[in-house]
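2 protein chains.
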Amino acid sequence: MAEEKVSNTGDVDSQVVNPWEVTAKDGGKIDYDKLIEKFGCQRLGDDIVQRVERLTGRPAHVFLRRGVFFAHRDFDEILDLYERGQKFYLYTGRGLSSEALHLGHLVPFMFTKYLQDAFKVPLVIQLTDDEKCMWKNLAVEESKRLARENARDIIACGFDITRTFIFSDFNYLGGAFYENMVKVANCVTFNKVVGIFGFTPEDHIGKISFPPVQAVPSFPSSFPHIFSDKNNKVNNDLRCLIPCAIDQDPYFRMTRDVAPRIGYQKPSLIESSFFPALQNGKMSASDPNSAIYVTDSLKDIKNKVNRYAFSGGQDSIENHRKFGANLEVDIPIKYLSFFLDDDAELEHIKEEYGSGRMLTGQVKARLIEVLSELVERHRKARALVTDEMVDAFMAVRPLPYMFS
Amino acid sequence: MAEEKVSNTGDVDSQVVNPWEVTAKDGGKIDYDKLIEKFGCQRLGDDIVQRVERLTGRPAHVFLRRGVFFAHRDFDEILDLYERGQKFYLYTGRGLSSEALHLGHLVPFMFTKYLQDAFKVPLVIQLTDDEKCMWKNLAVEESKRLARENARDIIACGFDITRTFIFSDFNYLGGAFYENMVKVANCVTFNKVVGIFGFTPEDHIGKISFPPVQAVPSFPSSFPHIFSDKNNKVNNDLRCLIPCAIDQDPYFRMTRDVAPRIGYQKPSLIESSFFPALQNGKMSASDPNSAIYVTDSLKDIKNKVNRYAFSGGQDSIENHRKFGANLEVDIPIKYLSFFLDDDAELEHIKEEYGSGRMLTGQVKARLIEVLSELVERHRKARALVTDEMVDAFMAVRPLPYMFS
Numbered sequence: 367m368a369e370e371k372v373s374n375t376g377d378v379d380s381q382v383v384n385p386w387e388v389t390a391k392d393g394g395k396i397d398y399d400k401l402i403e404k405f406g407c408q409r410l411g412d413d414i415v416q417r418v419e420r421l422t423g424r425p426a427h428v429f430l431r432r433g434v435f436f437a438h439r440d441f442d443e444i445l446d447l448y449e450r451g452q453k454f455y456l457y458t459g460r461g462l463s464s465e466a467l468h469l470g471h472l473v474p475f476m477f478t479k480y481l482q483d484a485f486k487v488p489l490v491i492q493l494t495d496d497e498k499c500m501w502k503n504l505a506v507e508e509s510k511r512l513a514r515e516n517a518r519d520i521i522a523c524g525f526d527i528t529r530t531f532i533f534s535d536f537n538y539l540g541g542a543f544y545e546n547m548v549k550v551a552n553c554v555t556f557n558k559v560v561g562i563f564g565f566t567p568e569d570h571i572g573k574i575s576f577p578p579v580q581a582v583p584s585f586p587s588s589f590p591h592i593f594s595d596k597n598n599k600v601n602n603d604l605r606c607l608i609p610c611a612i613d614q615d616p617y618f619r620m621t622r623d624v625a626p627r628i629g630y631q632k633p634s635l636i637e638s639s640f641f642p643a644l645q646n647g648k649m650s651a652s653d654p655n656s657a658i659y660v661t662d663s664l665k666d667i668k669n670k671v672n673r674y675a676f677s678g679g680q681d682s683i684e685n686h687r688k689f690g691a692n693l694e695v696d697i698p699i700k701y702l703s704f705f706l707d708d709d710a711e712l713e714h715i716k717e718e719y720g721s722g723r724m725l726t727g728q729v730k731a732r733l734i735e736v737l738s739e740l741v742e743r744h745r746k747a748r749a750l751v752t753d754e755m756v757d758a759f760m761a762v763r764p765l766p767y768m769f770s
Numbered sequence: 367m368a369e370e371k372v373s374n375t376g377d378v379d380s381q382v383v384n385p386w387e388v389t390a391k392d393g394g395k396i397d398y399d400k401l402i403e404k405f406g407c408q409r410l411g412d413d414i415v416q417r418v419e420r421l422t423g424r425p426a427h428v429f430l431r432r433g434v435f436f437a438h439r440d441f442d443e444i445l446d447l448y449e450r451g452q453k454f455y456l457y458t459g460r461g462l463s464s465e466a467l468h469l470g471h472l473v474p475f476m477f478t479k480y481l482q483d484a485f486k487v488p489l490v491i492q493l494t495d496d497e498k499c500m501w502k503n504l505a506v507e508e509s510k511r512l513a514r515e516n517a518r519d520i521i522a523c524g525f526d527i528t529r530t531f532i533f534s535d536f537n538y539l540g541g542a543f544y545e546n547m548v549k550v551a552n553c554v555t556f557n558k559v560v561g562i563f564g565f566t567p568e569d570h571i572g573k574i575s576f577p578p579v580q581a582v583p584s585f586p587s588s589f590p591h592i593f594s595d596k597n598n599k600v601n602n603d604l605r606c607l608i609p610c611a612i613d614q615d616p617y618f619r620m621t622r623d624v625a626p627r628i629g630y631q632k633p634s635l636i637e638s639s640f641f642p643a644l645q646n647g648k649m650s651a652s653d654p655n656s657a658i659y660v661t662d663s664l665k666d667i668k669n670k671v672n673r674y675a676f677s678g679g680q681d682s683i684e685n686h687r688k689f690g691a692n693l694e695v696d697i698p699i700k701y702l703s704f705f706l707d708d709d710a711e712l713e714h715i716k717e718e719y720g721s722g723r724m725l726t727g728q729v730k731a732r733l734i735e736v737l738s739e740l741v742e743r744h745r746k747a748r749a750l751v752t753d754e755m756v757d758a759f760m761a762v763r764p765l766p767y768m769f770s
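Residue numbers (the working numbering), protein chains in the order written: chain V, 367 to 770; chain H, 367 to 770.
Treat the hints with care, as some may be off.
Remember, identical chains collapse to one label, so a pair may be satisfied in a single copy or spanning two.
Unchecked claim - Simulated crosslink set (BS3-like; lysine-lysine; CA at most 30 Å straight-line):
#1 K502 - K599
#2 K573 - K502
#3 K395 - K648
#4 K632 - K596
#5 K632 - K573
#6 K648 - K668
Please keep in mind that the hints were generated in silico from the structure rather than gathered at the bench.
Given only the sequences and the hints, what does the whole structure look like? Please build it.
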């Protein structure tokens with residue numbers, strides 16, 4: 367297998383994509399094809415989508431069949447092994463970027479839940495509360511509180527407690543997890559993290575020491591309580607599949623580079639494009655009107671979509687009827703592509719709207735319905751998540767139904 | 367209080383002193399006065415020795431009254447507080463530099479045991495098994511095994527189990543300890559560790575992330591099981607005193623620099639000179655004849671002292687009788703200064719030998735007796751240390767007799 371490309375900060379012809387910065391070319395669109403090429407990952411094609419449907423016996427998730435998850439690393443190997451009867455486990459995480467999650471944050475979790483249900487595999491979810499202290503200088507206690515709040519939102523996505531372990535770094539780090547961190551850290555020089563993450567000598571050593579923390583959940587031996595057999599031995603050949611947004615790729619390029627050198631399997635990845643801001647482009651934590659939050663009221667949603675959702679419709683009804691909407695830049699259409707499950711309805715809306723027969727206001731009205739239903743369902747589910755359930759998901763314990 | 371000098375790698379007029387390298391000026395003696403000046407620590411004078419005797423109501427340890435522990439940082443503050451009824455805790459450690467400990471390794475532990483007995487205070491002992499993996503690329507399992515072997519030797523020094531917690535980083539790191547690591551790491555840039563430790567961009571990030579691991583046992587909140595009160599609150603004003611060799615000073619210069627910025631007390635230090643090799647100079651792990659090991663047989667000891675201990679005696683009996691021995695370079699005299707407790711006998715030997723009335727062979731014979739007794743006592747004590755005792759010292763538990 368070719369060596370991983372690990373010395374690329376994601377600066378592709380003036381577009382920057384790394385875990386802390388996503389800046390498009392000349393303020394325009396992210397060029398995902400170039401990103402695939404430069405990062406060295408693979409395009410996730412229709413052949414793989416159909417194969418997933420065949421192997422799992424259920425329709426592919428909307429995020430898969432509509433190309434939200436558009437790139438991968440060795441996902442085909444995971445499927446080869448699965449086809450031969452070998453299971454894997456899932457690993458995803460959250461960086462606690464804000465108290466309330468927005469819809470973009472839900473994307474990897476909704477998709478991970480689908481993967482868990484479809485493949486019937488165990489899942490570990492990392493809450494990087496330590497990263498929040500390191501990058502945002504948040505107090506430890508506040509960061510730990512946020513981790514639990516985020517856990518409630520994640521649990522509300524419907525994960526199966528018999529197959530899911532949620533942990534925060536401050537609570538779980540140590541033991542075999544720390545041993546793996548040391549093994550990884552010993553294989554990565556300062557020069558290398560500069561190349562991968564763009565760190566500088568003025569960065570504090572908290573940041574510099576963090577990448578192994580996000581790397582090691584890729585290895586089953588970091589979770590002996592889950593992956594030990596009855597002889598207390600972990601099967602390190604068990605493969606790991608990481609669903610994440612493509613800005614997290616640098617961590618796992620590094621992980622995949624190191625894995626064979628410390629006797630571990632490389633994790634596989636399935637990577638999504640970015641969920642766009644209402645105004646198009648990247649969402650900003652400093653502008654609450656750039657995103658729909660799971661805490662938004664139905665009134666908030668209506669107001670945000672109507673006032674802020676960037677429209678590809680024309681500037682007058684006359685022009686709109688004549689030229690139709692530009693679907694490429696239209697946020698209501700993009701959001702419906704994420705969350706409107708009915709393919710036929712989506713195609714109908716795109717056709718009507720693109721030809722000018724449907725107006726922006728009508729599309730937005732449908733989007734408001736779809737998002738309201740989604741947010742309302744999440745709110746109800748979250749209200750049912752008790753402290754005891756959070757404790758139960760985060761308890762260090764064997765998982766009774768790992769593979770079944 | 368003046369800012370700590372933290373940007374000095376210990377390169378003092380061509381002598382280099384840091385945790386991984388001790389090289390004297392032009393191959394000669396370490397200039398400890400210059401080291402004190404450059405590091406910015408304080409000379410430990412007779413006034414402090416006498417004050418310790420007065421406060422503890424017992425004679426000062428031979429390492430204290432003969433200047434083996436020759437420098438300090440704010441030890442006088444610890445004594446001021448102690449005099450006013452405030453206790454402190456001790457922190458020392460081992461870097462697991464070899465399977466068998468040599469006499470130089472015992473020095474800080476013998477001294478720490480004296481301090482524990484004299485002041486009746488709790489003690490934490492860190493075994494940096496992770497450091498061994500990071501610097502020597504030792505396998506994790508082997509490093510953990512070494513940590514337990516080293517713990518046996520440390521326990522054999524006679525520590526009080528009711529006041530002593532021994533931990534290895536691989537076993538203990540996590541929780542509040544890791545939280546403190548993150549707090550420290552967030553205050554130290556890569557540039558700063560380059561200045562303090564001499565790291566380079568080619569060093570792996572394991573090394574770069576290690577200094578906080580050795581820093582945080584200086585803070586009581588890293589040990590909530592020991593220092594929490596009945597309301598689960600740790601008193602962070604409790605002071606820490608670190609007995610160590612002066613090559614460890616860089617870690618604690620860094621720690622003292624960071625402590626006030628994260629709301630903690632600076633640890634105090636009491637620092638020793640280096641225990642010399644039999645050939646004079648620094649001991650080398652690659653030359654077993656450069657040191658007396660606690661595993662050496664009585665025959666080994668006799669052979670090593672007679673064959674390898676550098677003598678300040680003259681090249682012929684005639685010259686020796688005429689000029690006497692050069693005590694400044696004589697290893698038997700140096701070793702006796704460490705381990706012959708009887709001040710009157712030591713003075714007598716120095717006078718007789720220095721004047722040429724006593725011969726090298728006679729001094730060596732006395733040294734062999736003293737070392738044999740020391741090693742034999744250690745061997746017997748070590749043989750009594752069971753696996754269960756190691757477990758008991760390393761158990762995460764409250765200490766029943768913290769201060770009494």
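The hints, checked one at a time:
no. : hint        : in the structure
1   : K502 - K599 : between (38 Å within a copy, 26 Å between copies)
2   : K573 - K502 : both (11 Å within a copy, 24 Å between copies)
3   : K395 - K648 : within (10 Å within a copy, 62 Å between copies)
4   : K632 - K596 : within (25 Å within a copy, 47 Å between copies)
5   : K632 - K573 : both (23 Å within a copy, 24 Å between copies)
6   : K648 - K668 : within (21 Å within a copy, 75 Å between copies)
Taken one by one, the earlier hints all hold for this structure without exception.
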